[in-house]
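As you go down the protein sequences, you meet chains A and B in turn.
If you read the first sequence in the UniProt record's numbering, its first letter stands for residue 1, the second for the next number, and so on.
If you read the second sequence in the UniProt record's numbering, its first letter stands for residue 1, the second for the next number, and so on.
Worth flagging that the hints you see were computed from the coordinates, not collected in a lab.
Even for Gly, the Cβ is constructed at its ideal location relative to N, Cα and C.
Keep in mind that the hints are not guaranteed to be accurate.
[What the hints assert, rightly or not] Residues of chain B clear of chain A, computed beta-carbon distances all greater than 12 Å:
(1) A97
(2) R104
(3) A188
(4) H273
(5) T339
(6) G386
(7) I388
(8) D391
(9) K397
[Unchecked claim] Distance ranges between label pairs, derived from CB positions:
(10) B/R341 with A/R370: 43 to 53 Å
(11) B/I365 with A/S23: 52 to 62 Å
(12) B/D27 with A/K251: 23 to 33 Å
(13) B/R264 with A/R370: 40 to 50 Å
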Amino acid sequence: MSEKRLDLLYTEVEQELRASVRSLLEDKSPPSAVLARVEGDQVTDTALWKELAGIGVAGLPVPEELGGAGASLRESAVVAEELGRSVAPVPFLGSAVLATAALLEAGAGDDVAALASGEAVGALAVPLATPPGAAFPEAVRAEDGALSGTVTGVVDAVAADVLVVPAAGPEGPGLYVVEAAAARVTPVVTLDLTRPLAEVAFDGSAARRVASGAAAQEALRRALVTGAALLSAEQLGVAEWALDTTVAYAKTRHQFGRPIGSFQAVKHRLADLWVAISQARAVVRSAASAAATARQDPGDAEAAREAEVNAALAQAFVSGVAVKAAEEAVQLHGGIGFTWEHPAHLFLKRAKSDSIALGTADRHRLALGRLVDLPAAGSD
Amino acid sequence: MTTAPAGASLDAPALRRRVAALVETHDPATTDQREFLAARFDAGLAWVHFPEGEGGLGAPRALQAVVDQEFERLGFVPTGREGLVIGLGMAAPTILAFGTPEQRARYLKPLYTGEEVWCQLFSEPGAGSDLAALGTRAVRDGDTWVVNGQKVWTSLAHRADFAILVTRTDPDVPKHKGMTYFVCDMSAEGVDVRPLRQLTGEAEFNEVYLTDVRIPDSQRLGAEGEGWRVAQTTLMNERVAIGGHPEPREGGLIAVAAHIWRTRPELRTPGLHDALLRLWVEAEAARLTKERLRQQLAVGQPGPEGSAAKFAFSRLNQEISGLELELLGEEGLLYDDWTFRRPEGVSLAARSPGFHYLRSKGNSIEGGTSEILRNIIAERVLGLPGEIRVDKDVAWKDLPK
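Okay, chain B solo, but in the shape it has when bound (with noise of 0.2 Å):
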């Protein structure tokens, strides 16, 4: 095991010896994958800007590309890991930044192996962009917490073994004070998964139901009324993933949109040639503005450019796949599937064109609307004073639902 005092020069090649005495005596390909996971992370190599012994090495963030390059380039990429992107990308962080030692301790390694899968529990019917005003309850009961309310759009919650959770503590106080965040115990008693169908017709999200769910005030995250706090550093986390690799020119929908124009010549008309080359040069450069924050990143200058590339990417999978059903006329007026049934991820290439365009609708909504991300991009980026707000000053049990 390498475990050089902290401090030790951890530069890029330093980086690079450990990944390479990990594979040696964890061949990757004898090795099954949780137990090579589990030595990576003992090894500090799961996210090495993290803590030593909590699966870094205090090591400064940009280098974890390195790593991860490393271990691609000696063939160990792992794999089915689609269904940990909440406990990866949003549960981990938050963890880190607010949970205690032994919060830190029980839940950070089993969740970077793939052995415990966590969904997220934020919006409600009636708090989706303006999340803080969400309402449901929590009540202290001694060493536990009894919670009310219901949840929504929670991708996973029906393979997920835990949740983190946002709830309302204090109603008496704005908004935005008096909330607290939980890790909960998606077996626990009173919580009912039930699947949200979409207008796609399948069910990739799920509606949970807590009704008098016990939480023992240990799986408390941050301080009582702190919660809104707590869910600014999960949100922050939640962003396009930006790769190690260049992704290739005409990747993504415009292939798709681009193949059908080269193979099939009977269908062309110039009014959708000009659309066409219209969302090739958007695709192209929505790619390059990626490329160019990759780049950024690889150096150790993460730029503003990342709360746009979901933004972009979210108008141009919406016309390209608007001009996909267009281009393909009669054929553009049939549907693969309305079956009413949970699908393993979201594979669009597996899909048909209305598919695509249906599933798109979803882009600009999910994980931000455009509206609030413009909002952001306008105050954080720009500068611009912020919205007058009714709502500041108001306990929240006073608000209008």
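Same shape as in the complex, but just chain A (with noise of 0.2 Å):
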């Protein structure tokens, strides 16, 4: 099997960025922050996104010409870790992720410039929980460049100015943009306080077609890959979040007159946990930089396969660490983690949701099987 040799440390720059975001979450939305917002009528934090906006956040992977910082998805990675580190709630998954990817994958440059400055919002309306290899959605129909149609569980819906929204019609399978304003946003309560889910609804809204066909196809299966691969990343930095603050209670909470981060019963399973995310992290990193290097080169069909089988491979592991760990994070905090008061939930939360979102493991171990020749059984 030939896969490239992939950069799986994190380099200076990226050090630096992930120092500058860091420190403009922790300034700006705290978990104390972040359990209020909630609670309120505007989930998402716009103040906060445009300024993440300001130090290039938005546009990382976008070319410079198009507006961009021409940096590449392993800093939109990094990012994407200190994100999940503080379930900030702006719409970099739905916006900076997904809606860009598919417009750069099917080369709709120009649309991308106020996405990437953080000017505009943007959301491609698929269902969250659709997972790369799904078949292409038909649930919108175009009509002489009108839609019609419905979208379940759409990321970032809410607070989007501009959707890219794939589209069957008499000519086959379609990428189009369409203004919010011009489709029926629908916001619905969800498992996730800090990541805001809608209902998307067309009725003749107007449409103009970016992409159509194979080409069509590709950019959503792609932007859907690129998708996964860094949602790893956020479950990583879920993940960490709960490892850090777990241990940190273990070292001051005391029962028996001894912190209860002497006991084995305790300390193993932050070990176990422990073992896990250093694995996650090389993961993590792994489908970075495979996702990077296949945008570099759209025509080079095995950087696209490499990015595809590793993104699958991150999800497949990532998903069940990050969920595990903000499991422990609730159980090892004891009373205290199932409360309201204490940020462990948001975490527990968001943990599960991204189990579920962009494909559950289950069904990334299933593609990773076509992908790697592993068929199920049943088939020769």
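Take each chain as given, in its own frame, and dock them per the hints.
So, in structure tokens, the structure goes:
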């Protein structure tokens, strides 16, 4: 099996980016602020998103000539880690990852600039649970430049100005750009308090086609693969917060006259978690590097395949690690971990939702089975 | 001979030039391996971080990988060194850290060239994870020490010329304080090596009985009573070896299971498919983790992840080999050979799936049990408080045994 050597470390530039994102998030969006915000009317923190966009976060993998930072998906992944670590309610996944990737892959560079600068927020109109290998959606029909139909569970649609919509028409599949104002966006109540989803309904909404046929299918598939890779980075950040916070608590919380972290029943579980997170970090770096390599040279079929294998691997592995870490955080905090007041539940809800977003681990394992020739039972 | 003064620039290009100079005068194709290794030792290219004259150049440790890769590129990869793991990996760094100039001059070079084989006399029937509880007694008699006791799980003892040995010299103080560390001549009178049959049927290891073995005081490593500190240095070097090369995807045992799956469609069931894919994912995650650690070492930034690598691989080997047996069904009921014999190294590929399953049970016990490794990760990496100790201030002789 031929796989390219990928850089699994963090560069100095990436670490500097991490430091500035983290310091901004710690300052503007500490867990207490997130907790207060999710009970308000507007969950998405648009002011914070503007500030993050101000340091380039919204357009990292976008070429400079299209108004981006000209960095790569590796840098995006570092930002995703930090956003996971803070469960900040900003439209990074919907706008800067999914919608931007779909537009870039579709060759619709002109539509990217507004998203890359943070002036506008975008969303990719597919259910968030869609795995990369899913059939091209047919929930929305395109007819004479207008869209009709309903898409459920669209991430960041609530805050979106622009929607990127896969739709089926008489000429086959197409990818369309629609002003959000031309659609009816209805928020739904979500398990993850920090990531709003909405139902998006089109009723003859005016749309502009940016890709059609196989190009539209490929652009959507690649956008979802990129999304899966970067979502795993966010999951890593969630897991890291859970471990760090729980280790700190286990050092200070005393029961039976000693810190609970001195009991092997507790410390062995934290050691297991640390091992799993160390592995997750390698897997996430590999997925980010493979995604960046594939983006650099869209014509390289082998690079595209490696990006798919690594993204599926990352989702299959890191989803479970993040859920486990968040569940352990709740359990090992004891009573306080079960309260609304303690932020652990925000991370539990994010971790569990992330494990379903862009395909469950099981679906990604099945995808891997196809990609690496380990076919299902009943096939020859 | 390249003998640049200490402090001369020792960067990667400089080391590559030294390698080239050595290969120039000692053609690997025509020079005897031991002779070549002796020249490499003299040139300071055995362990570049060791001092000059003792196999090194006083260079940063991270540059060793550069030297190894360069020798390999030029076609010199020493062979048949599997029997030297204890000497190279554990005895050498300990002798370097605690040996006298005479000891370093006597032992390091033949250890490196492979002329002398080493083994490790540490574990005892009553001292496994709790190594500091060991009871092999060494009693001073003038210029020599008289040693009595039993050691266990000693690989290579039947081939070894020397052993690193930890003994109890003062039973009246707490266990960590009364130990002393020696180099033991394995041909000395009173050293009795017996094969130890393990649950696979064969004997990779030995029991070593020491009866009135006399060890000259000149073979003591470190001060009397300092044995625990010396042993810590040895054990710090007992870790998963990280090679200079990336491992390919689907290396190791998962390749065996994947091959069975691809070539035997009649064995496939949905449950086994899921189990195989789960383990494939975990094996790939473990491989990437090791690769990341290798990249960290290559740029001189070792991380604590090394302590997790062995732990992760032992569980993975056990689960994959268990699946392999289930996958094979009826064939999984068979075993290749229960003969009690001493194998030449461990070659998993050459043995049956039943052997894979049974041998891998040792992986989570040898070189630190998984439970001890979890304690180490929790306490040293995560900084969690240690266990409450009940044996710290009790004289060794008064501990329950």
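Quick check for students: does the CB of B/R104 sit more than 12 Å from each CB in chain A? holds (36 Å)
Non-interface claim for B/K397: all C-beta distances to chain A beyond 12 Å? holds (28 Å)
Would the least Cβ to Cβ distance between B/A188 and chain A come out above 12 Å? Consistent with the label, B/A188 stays out of reach of chain A, its closest Cβ about 41 Å off (over 12 Å).
Report holds if the minimum CB distance from B/H273 to chain A is greater than 12 Å, and violated otherwise. Given a closest Cβ separation of 5 Å, the condition is violated.
When you take the CB atoms of B/D27 and A/K251, is the distance between them in 23 to 33 Å? violated (59 Å)
Between B/R341 and A/R370, does the beta-carbon spacing fit 43 to 53 Å? At 45 Å between Cβs, range holds.
Cβ separation check - B/D391 to all of chain A, threshold 12 Å: holds (16 Å)
No chain A beta carbon within 12 Å of B/T339's: About 35 Å separates B/T339 from the closest Cβ of chain A, which puts it past 12 Å; holds.
Quick check: does the Cβ-Cβ distance between B/I365 and A/S23 fall within 52 to 62 Å? violated (46 Å)
Check the non-interface label on B/I388: least C-beta distance to chain A beyond 12 Å or not. violated (7 Å)
The output says B/A97 does not contact chain A. Does that hold with a beta carbon cutoff of 12 Å? Label holds. Min Cβ-Cβ 28 Å, cutoff 12 Å.
Is the distance from the Cβ of B/R264 to the Cβ of A/R370 consistent with 40 to 50 Å? About 19 Å separates the Cβ atoms of B/R264 and A/R370, which means 40 to 50 Å is violated.
In the structure shown, a violation is registered for the earlier hints numbered 4, 6, 7, 11, 12 and 13, in ascending order.
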